[in-house]
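Novice: Residues per chain are reported as follows:
Number of protein chains: 4
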Amino acid sequence: MFPENFMFGASMSGFQFEMGNPSAREEIDPNSDWFVWVRESENLVNGIVSGDMPENGAWYWNQYDKVHSLAVDFGMDVLRIGIEWSRIFPTSTKHIPIDSPNLLEELDKIASKSAVAHYRKIMENMKTKGLKVFVNLYHFSLPLWLHDPIAVHRGKQTDKMGWISDDIPIEFAKFAEYMAWKYCDIVDIWASMNEPHVVSQLGYFVINAGFPPAYFDPEWYVKSLKNEATAHNLAYDAIKKYTTNPVGIIYAFAWVDTVSPAQRDIFEDAMEMSNWRFMDMIKDKIDYIGVNYYSRMMIDRLPTVVKFGPFEMRWNSLTGYGQSCVEGGIALSGRPASDSGWEIYPEGLYKLLKAVSQRYRGIPLLVTENGISDEKDKYRPFYIISHLYAVEKAIEDGIDVRGYLHWSIIDNYEWPKGYTKRFGLAYTDFEKKVYVPRPSMYIFKEISEKRTTKHLIGYDPYNLINF
Amino acid sequence: MFPENFMFGASMSGFQFEMGNPSAREEIDPNSDWFVWVRESENLVNGIVSGDMPENGAWYWNQYDKVHSLAVDFGMDVLRIGIEWSRIFPTSTKHIPIDSPNLLEELDKIASKSAVAHYRKIMENMKTKGLKVFVNLYHFSLPLWLHDPIAVHRGKQTDKMGWISDDIPIEFAKFAEYMAWKYCDIVDIWASMNEPHVVSQLGYFVINAGFPPAYFDPEWYVKSLKNEATAHNLAYDAIKKYTTNPVGIIYAFAWVDTVSPAQRDIFEDAMEMSNWRFMDMIKDKIDYIGVNYYSRMMIDRLPTVVKFGPFEMRWNSLTGYGQSCVEGGIALSGRPASDSGWEIYPEGLYKLLKAVSQRYRGIPLLVTENGISDEKDKYRPFYIISHLYAVEKAIEDGIDVRGYLHWSIIDNYEWPKGYTKRFGLAYTDFEKKVYVPRPSMYIFKEISEKRTTKHLIGYDPYNLINF
Amino acid sequence: MFPENFMFGASMSGFQFEMGNPSAREEIDPNSDWFVWVRESENLVNGIVSGDMPENGAWYWNQYDKVHSLAVDFGMDVLRIGIEWSRIFPTSTKHIPIDSPNLLEELDKIASKSAVAHYRKIMENMKTKGLKVFVNLYHFSLPLWLHDPIAVHRGKQTDKMGWISDDIPIEFAKFAEYMAWKYCDIVDIWASMNEPHVVSQLGYFVINAGFPPAYFDPEWYVKSLKNEATAHNLAYDAIKKYTTNPVGIIYAFAWVDTVSPAQRDIFEDAMEMSNWRFMDMIKDKIDYIGVNYYSRMMIDRLPTVVKFGPFEMRWNSLTGYGQSCVEGGIALSGRPASDSGWEIYPEGLYKLLKAVSQRYRGIPLLVTENGISDEKDKYRPFYIISHLYAVEKAIEDGIDVRGYLHWSIIDNYEWPKGYTKRFGLAYTDFEKKVYVPRPSMYIFKEISEKRTTKHLIGYDPYNLINF
Amino acid sequence: MFPENFMFGASMSGFQFEMGNPSAREEIDPNSDWFVWVRESENLVNGIVSGDMPENGAWYWNQYDKVHSLAVDFGMDVLRIGIEWSRIFPTSTKHIPIDSPNLLEELDKIASKSAVAHYRKIMENMKTKGLKVFVNLYHFSLPLWLHDPIAVHRGKQTDKMGWISDDIPIEFAKFAEYMAWKYCDIVDIWASMNEPHVVSQLGYFVINAGFPPAYFDPEWYVKSLKNEATAHNLAYDAIKKYTTNPVGIIYAFAWVDTVSPAQRDIFEDAMEMSNWRFMDMIKDKIDYIGVNYYSRMMIDRLPTVVKFGPFEMRWNSLTGYGQSCVEGGIALSGRPASDSGWEIYPEGLYKLLKAVSQRYRGIPLLVTENGISDEKDKYRPFYIISHLYAVEKAIEDGIDVRGYLHWSIIDNYEWPKGYTKRFGLAYTDFEKKVYVPRPSMYIFKEISEKRTTKHLIGYDPYNLINF
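Protein chains in written order, with numbering that gives the first Met the number 0: chain A, 0 to 466; chain B, 0 to 466; chain C, 0 to 466; chain D, 0 to 466.
Treat each hint with caution, since some may be false.
What the hints assert, rightly or not - Partner residues aside, some chain B positions facing chain C, computed with beta carbon under 8 Å: (1) M0; (2) S40; (3) N45; (4) I47; (5) R153; (6) K155; (7) F204; (8) V205; (9) I206; (10) G209; (11) F215.
Said to hold, decoys possible - Covered stretches of chain D, going by a simulated chain C footprint (3 or more residues, C-beta under 8 Å): (12) 375–384; (13) 429–440; (14) 451–464.
Stated by the list, open to error - Under the rule of at most 20 Å between Cα atoms (straight-line distance), these lysine to aspartate or glutamate pairs were calculated in the EDC-like manner: (15) C:K306 with C:E218; (16) D:K431 with C:D459; (17) D:K432 with C:D459; (18) D:K306 with A:D76; (19) A:K120 with A:D76.
The set of hints was computed from the structure by calculation and includes no laboratory data.
Just so you know, even glycine gets a beta-carbon here, dropped at the ideal spot from N, CA and C.
Here chain A stands alone, though its shape is the one from the complex (with noise of 0.2 Å):
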């Protein structure tokens, strides 16, 4: 059983679901990187980018109260959103120093009226509803003025390094005190950012995955990670001056599996770069861990240690697992794949939190983010019924687990792939801009209702369900 305040819930973010209307001028946020790097010719033209663009999305800014309605109808307590640091400050803060003493009036100058007003409208309407509100306030999109991602991916000289600007953390600071200022009322949970390693991973390291500013070099990958770190602490100061309600991160965590049961020392290895080296920088300063999960990763010893800058690589991931399927196929553990090649892979949920947990012990979980690009819904009906029995496992073991925020609750922008890969619990008309639910959604309410997911496991079509 899922304990009585156990939140069940679905997250989104800012560039993904709000713009929807291309001629509403008004809505439409050019200042974000990612804004520009999907429509850059270089990624047209060799197909780094999908070509979709954002503008033609979910319309979630406005039609937030069908969504709300949504989420109620299906059993929901919780909604998490992003807020666009592009969309409160298109222009840079950079000028104000973070020790002004009047910082915050100085910051509201600047800062986008209309934005700040229009999220509040946003959050209002869940609270009308009863849902909580919990915001995230990066979600891999940075402002222009922040990173200039084409200047970067062709090694041009620019001040505009993203995350690899010594001065990011501090004006990462400023944003987030800003936000708290303005939203300690209404906010119930707090998040500072999303999957920061994987913004560094993709951008810096393993760059074909069309992630800006897709420029290899090992150095800046550590340290962008590090930046996050500090970015993410200074936020946390920043945001409890203002609140006592929970400041957490979202932190995809990679749930590492071997070839082998005696490479326990590759495991540990790949354990530490994909999940602890970055946790551990900011473990002082969370109240909650936040714990994105989509499926495993396998790896296996490479036959010679290779060195890349600072590293020293002892095992790669290997294809035909994970994350690493044929898009829509079957793995090579003959589970089935997702829209995206991601192998359906529950146990390693179940694994991950208690794994977590016994690292980072006192320190509350929620799972932040779970999900599947299934445009026809084959696989998540099983999806969510496998991964919330994981979750359930996890919690009767004693492993303190909050919620469950399933991503996402309509389908989505999902970056360089566009509007192919398909995650939504609601089927989304781009072109009417009308959610319905898939059946899927009704599972999601059948177990938010009944709090379990015990009379449904029997039924387990991939034989999953055996951890």
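Starting from the structure of chain A, add chains B, C and D where the hints point.
Specialist: Leaving out everything else, chains B, C and D in the frame of chain A:
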């Protein structure tokens, strides 16, 4: 919207559901042609039957209470069951003249008391739970004293010729009258028989489907159809002596599509051969028409007219469409096919309801079977939505459809295919005899509760709902 | 190296190659069981036969000169042809006693003069071109006066019982003696019959392969084998009265693999049942053994012993290996399968030649059939290399193999599969009656010229040559 | 019929064939951009290059005698080799003025004596065996002193800009003159360079093919093309000072198909962009045109005109055709695709020869590359037949084609794809350094011997030869 008195339910049969405990000798019915057929060495050696045995089945004979509860929990108003002729009369009734003044008493002497009583217990349990009782008297399996399928298959002389025998209509009438006499107080809806045309077609014409007796004889195909019609007509009158409740027939109607719209003549020929020829023979003795629908039939004109005994075939049905697709594959139309290789084609149900109601004006319709073998529930959620949408739309067009019975509520014994083709809303664990609702069952419930599909049809992953 | 006198050649049969002009009535032979079988309505309606008709075939009857030239051009020394019993004796020979002093004269009166003359013309043409004449007297098709396949299939009483009849061995002996009398001056190598075990197995046991009479009866399976053996033994003595040239039999040996090496007992059982039982009956009446080999058989132990009439089956053959693969697919072993779904397994030929030679010491071997249905010639080049390597290796091991006859030189009529399965070294245009060498035919020629495969086997795209 | 003096042969290059012994330091050439590129960590981490290393290759440097023998054995008249600029001049030649009176002597001082000598030994070996010597001076790999591909890729300032440098045409002219001076007595056919447009397109425009420097800049794409043209023109004049033998260029012509015949304008635009623009720049300085052809390009009109720097793109090329198919799959046209995913489209070669000869009247053509990566030799036999048929037909139409050089005689290093894409007529065992003719090589020989494809084209498994 479905009208208030519209019935939602599910259909079952005797042979496919009842048995389940191979050690319980008294529960096993070895006296039917199918019981012998599925364990015949020729069929086993050649893979014509699956090797699965019916006595390892879903065990409805014992667990009917669980099945009835499941039905109620998921919004069902009615369940259809089958009564096994060979259970009621394990030995021949031929020696008792139909015009005997003591017909029923004499039948009663040789009927199985325990079988008669057990079926009543099942029906009473349904009633207790508020379910309507729908009883069908013949569903594919004949008593061995009427049909020796091995002898007929091998061309051996026998007087147990099944539906070819001249005396079988009379025997069926006796059985029907006895049943009506026994159960007229408790049965709400009666059907004489299930899919008579399938029995004839797969028995004597297209004989490689693994149905007994698999003996090619176009003349017998015709003769058996006539005998089935006569049997129905006599049974109708016999039952009607005891009840005013509706008595009908259950028929697997084919919806025919032609490769070119100019082939109106072969369309009509195929509709006549598959549907109207039989139905016309019994149309004056039915209170309702039970419509079974799974997929369509795609036909094309043959280059030359081919003669088979009494037939001149001008068309044939095409592989890659309807029920001739690759199992689990994609039809040539681009639509998915079920685990049985049956194309998903909901508009066929809509068109069929229109065509049947137009030809037999004034006779109400019941969808008595509709479903999909889909072990992993990939397609069933949308199969239910789209086919119930077809029914809803037919009703809105003024067609008098009184109910929808899904095939089926639990997984069961799919004739020569055994247990591999799973049609249940609830998954059946054949070892533990446990039924677990699949995700699609919640969709069924949702529609039954809301009395409409309208809020669901915007989600249409295959663009099928365009009729 | 292949020895100097090692023969390279190809095999053909009568029914599959001769006809080709449907308007030339005199060329068509309607008097055999297969001629009737492939146009029977039951078989056509059920797709048991292809619908292709043998009279639209490769037309060897008329174009033998072209085929013989092709053989010579590509390095062949010998061609095997079949003589159609029903062409020589369109009507019964039963009324002529075997011990009649004028047996041959009386047979001569009712034999078809034109057929006898035409076959001689064919053989003379071969001789002129320097080809050895290899004649086989029975290849699947029986005269209708000996076998009514439809009556037997339907279980109807008939005295035309084919290989079940008590008198068929005697009739075959008469036919063989007559042929020897007519052609002893010109035939270099004689065979009594082709693949007797296949005739019995597919006729009376595993009956869904589309072979007549497709009547399941394990006793008949045994009886027909005995009759075939008796027929061979009588024929051997009859032919030997007229010639000292070698007389043998052509047998489709199975190479058996077991899923586990511990299954020696079922290996021996399967080898006994498939190979030795028949061969032991005739082993004293053969001057050579003709080995037909296409693929292997993979077997596993059955969970329980199953009884079929006189048999106790302890094993069955597995789908996904040998001749039970998906057409054009990949075997479970990872090896490619032919257009017929037959796994490519050259080591089976090597192992078989060893096993046969070991059991029947002193009797020379001839590979009388080996080939692949591969319309697009994807695998045939390597099929030839690898299987001829197997023969070469066997010879180097001391096995006395005298020749290799590929099946076949041109595409032909593949029994129930019709013209879709193409086994020719030369492609056959069945409309224009033109034969065009496929690329693989040049490989055949290369090996025949160089008398070795050694310079070719380093190229082994499937890593098959590891025996 | 191919004319008597028509040349059959094969093409090779330096970088892809020469190396093969990683311990033989003196044989390895580390001084080219490709040598660095294929071992750069960014490329390895991201799977942009295969990880295969060129020093494990086919070892032509050492085993040229074997390769030449193979060529002679299989009916070849000519072999094309490449000379590695970086082997001849491992260090810069920039300091030697082009107009120096002692240009050749000064170049000679810094040229690698051993490289110059070794290439001569290779050519002499060819001559000894009766093979014509065809030498190409530039094939993708540039000396590192001219091109730092990593710096350019990362946007770093460098004066080693490859084909973007203003001085590269002059340097190339010096190299060409030196080569002509050294080898004018032995080389029969000269080419300046191979596929200049590919170098520019994959280097600066469609940059995800893994070619250095993979830096998107449409202006550079144009500039590099111009520099290549200038380099060719200077080289032509330089070589012609020393020889009257033919000097030409090798160009990868695209054959363009449009989805609709009404798209004549974009057809001409694409032909102009892909073929004519460059060729027009050099058309007065060629004695023959070398045509490389593998597959076609299928294009469709873009919904709107897209601008990339200096370009207005009105069309794009379609996935599923030409070189954009699934590896080893089937093109959308139904034709098979090679291991590289390249559609088999022989009529493209025919159409191209016509188009090229029509535009550049009077200049003879040579097919300088044509082949298929097909490890298992499934398609190569027919690929050779059909493409040589295309050449034969073009000749019969009056086009002046002087020879056909297959790519290639042995498997080799396929640039970023490494050793997985095998284009050899002979299979290469990269461990044992052994070459074994594939079956298709016998087809090549057959055609070369008979001087025609006519007896082979009736076999056309994909119905491709209908032009």
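Novice: Are the hints correct? Go through all of them and say.
Specialist: Checked hints:
no.: 1; hint: M0; in the structure: violated (46 Å)
no.: 2; hint: S40; in the structure: holds (5 Å)
no.: 3; hint: N45; in the structure: holds (4 Å)
no.: 4; hint: I47; in the structure: holds (7 Å)
no.: 5; hint: R153; in the structure: holds (4 Å)
no.: 6; hint: K155; in the structure: holds (5 Å)
no.: 7; hint: F204; in the structure: holds (7 Å)
no.: 8; hint: V205; in the structure: holds (6 Å)
no.: 9; hint: I206; in the structure: holds (6 Å)
no.: 10; hint: G209; in the structure: violated (10 Å)
no.: 11; hint: F215; in the structure: holds (3 Å)
no.: 12; hint: 375–384; in the structure: holds (count 7)
no.: 13; hint: 429–440; in the structure: holds (count 6)
no.: 14; hint: 451–464; in the structure: holds (count 7)
no.: 15; hint: C:K306 with C:E218; in the structure: holds (12 Å)
no.: 16; hint: D:K431 with C:D459; in the structure: holds (14 Å)
no.: 17; hint: D:K432 with C:D459; in the structure: holds (15 Å)
no.: 18; hint: D:K306 with A:D76; in the structure: violated (48 Å)
no.: 19; hint: A:K120 with A:D76; in the structure: holds (18 Å)
Consistency with the previously given hints fails for numbers 1, 10, 18, ordered from lowest to highest.
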